[in-house]
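There are 4 protein chains.
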Amino acid sequence: MSHTTKDKKKLLSRIRRIKGQSEAIERALEGEGECEEILQLVASCRGALNGLMAELIEGHLRFHVLDPSQNTSPSQLEAADELMAVVKRYLN
Amino acid sequence: MSHTTKDKKKLLSRIRRIKGQSEAIERALEGEGECEEILQLVASCRGALNGLMAELIEGHLRFHVLDPSQNTSPSQLEAADELMAVVKRYLN
Amino acid sequence: MSHTTKDKKKLLSRIRRIKGQSEAIERALEGEGECEEILQLVASCRGALNGLMAELIEGHLRFHVLDPSQNTSPSQLEAADELMAVVKRYLN
Amino acid sequence: MSHTTKDKKKLLSRIRRIKGQSEAIERALEGEGECEEILQLVASCRGALNGLMAELIEGHLRFHVLDPSQNTSPSQLEAADELMAVVKRYLN
Chain G
43 MSHTTKDKKK
53 LLSRIRRIKG
63 QSEAIERALE
73 GEGECEEILQ
83 LVASCRGALN
93 GLMAELIEGH
103 LRFHVLDPSQ
113 NTSPSQLEAA
123 DELMAVVKRY
133 LN
Chain A
43 MSHTTKDKKK
53 LLSRIRRIKG
63 QSEAIERALE
73 GEGECEEILQ
83 LVASCRGALN
93 GLMAELIEGH
103 LRFHVLDPSQ
113 NTSPSQLEAA
123 DELMAVVKRY
133 LN
Chain E
43 MSHTTKDKKK
53 LLSRIRRIKG
63 QSEAIERALE
73 GEGECEEILQ
83 LVASCRGALN
93 GLMAELIEGH
103 LRFHVLDPSQ
113 NTSPSQLEAA
123 DELMAVVKRY
133 LN
Chain S
43 MSHTTKDKKK
53 LLSRIRRIKG
63 QSEAIERALE
73 GEGECEEILQ
83 LVASCRGALN
93 GLMAELIEGH
103 LRFHVLDPSQ
113 NTSPSQLEAA
123 DELMAVVKRY
133 LN
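Chains as they are written, first to last, in the working numbering: chain G, 43 to 134; chain A, 43 to 134; chain E, 43 to 134; chain S, 43 to 134.
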């Protein structure tokens with residue numbers, strides 16, 4: 043079973059929030075909202091998408107790069123944590 | 043009239059594409075698609091969102107920071123072009 | 043006089059710090075330091091470079107896109123502030 | 043032996059180029075060069091730093107998250123390649 047299956051509920055809730063945000067941007071554009079307000083909505087949507095991306099990357103790292111059915115040493119797990127810390131720092 | 047009104051059709055077409063992409067991500071998650079495929083869909087959606095952001099920033103720069111009802115010198119317009127080139131280089 | 047002249051002292055102090063950080067990375071690589079430590083040094087250096095970039099962009103916006111010798115309306119100044127807030131959010 | 047030792051020569055050559063680029067920015071600021079030119083120099087330096095970062099992350103992934111002394115399956119190696127493709131797409 044893939045991590046996208048295991049975390050399905052959490053990931054679906056993230057993407058549905060993103061879909062809702064894109065609908066809010068659509069409504070703001072249709073309603074000819076303020077440019078500044080629309081910029082903020084787009085920035086928030088991008089933040090949510092980066093959050094989803096970070097979660098997918100983390101699952102990919104822990105379930106596909108590392109193999110949960112094999113012995114993984116503590117130093118490998120620590121290295122994976124360090125990698126995720128760097129990735130999250132960039133994904134924003 | 044704001045640039046988000048002037049460019050409304052173009053901006054709406056961008057956000058509708060983004061909404062469609064977020065629906066494709068939702069379907070892929072629901073259908074338990076491959077992690078790699080989902081990562082690609084999210085990366086494409088983020089690219090489309092960055093494109094929308096760049097277009098909003100450009101409108102903001104040309105219609106709000108610069109004032110179309112005033113005289114704007116060629117060197118100011120050139121400076122705005124240079125600024126947009128830098129912003130686009132970062133927004134990806 | 044350009045903003046890079048006006049802000050020369052502040053900008054020079056930023057780039058000298060960046061040069062110092064790149065020398066620290068060089069020493070860490072020569073001394074075969076820990077990968078994790080080197081990743082942190084590179085991330086900090088990139089943060090400092092983004093800070094320099096944001097300052098250059100802000101100067102460019104206020105001194106070249108806007109023209110300090112002309113009348114700039116409060117709403118244009120506000121729009122410039124909003125643009126910088128968005129740019130800084132992305133430059134990290 | 044760490045990957046930062048194994049790839050020492052290549053990594054050192056990257057950081058020395060970055061140091062040279064930061065010196066060029068310093069000279070341009072001291073010589074009161076054009077803002078546009080300085081923005082370009084900073085953008086290039088940031089690109090080089092991102093290249094160094096990507097190389098460090100790749101080494102970290104292949105030598106610390108994965109353990110070269112253990113059996114790594116082809117699907118794990120493929121997952122590592124996919125992860126690096128995503129990381130490089132973001133690091134620019």
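Derived from the structure by calculation, the hints contain no laboratory data.
Just to be clear, a hint being listed does not mean it is correct.
Since the list gives no way to pick one copy over another, a pair counts as held whenever it fits inside one copy or between any two copies.
Lysine to aspartate or glutamate pairs mimicking EDC-like chemistry, simulated, CA-CA at most 20 Å apart [said to hold, decoys possible]:
1) 130 x 97
2) 61 x 124
3) 130 x 49
4) 61 x 79
Status of residue 49 relative to residue 130 across identical chains (alpha carbons, at most 20 Å): within (18 Å within a copy, 25 Å between copies)
Is it within, between, both, or neither for residue 61 and residue 124, if the alpha carbons may be no more than 20 Å apart? Close neither inside one copy (31 Å) nor across copies (25 Å); limit 20 Å.
Given identical chains, is residue 61 near residue 79, meaning Cα to Cα at most 20 Å, within a copy, between copies, both, or neither? both (18 Å within a copy, 18 Å between copies)
With identical chains, the pair residue 130 and residue 97 could be close in the same copy or across copies; at 20 Å between alpha carbons, which is it: within, between, both, or neither? both (9 Å within a copy, 17 Å between copies)
Hint compliance for this structure: hint 2 alone is broken.
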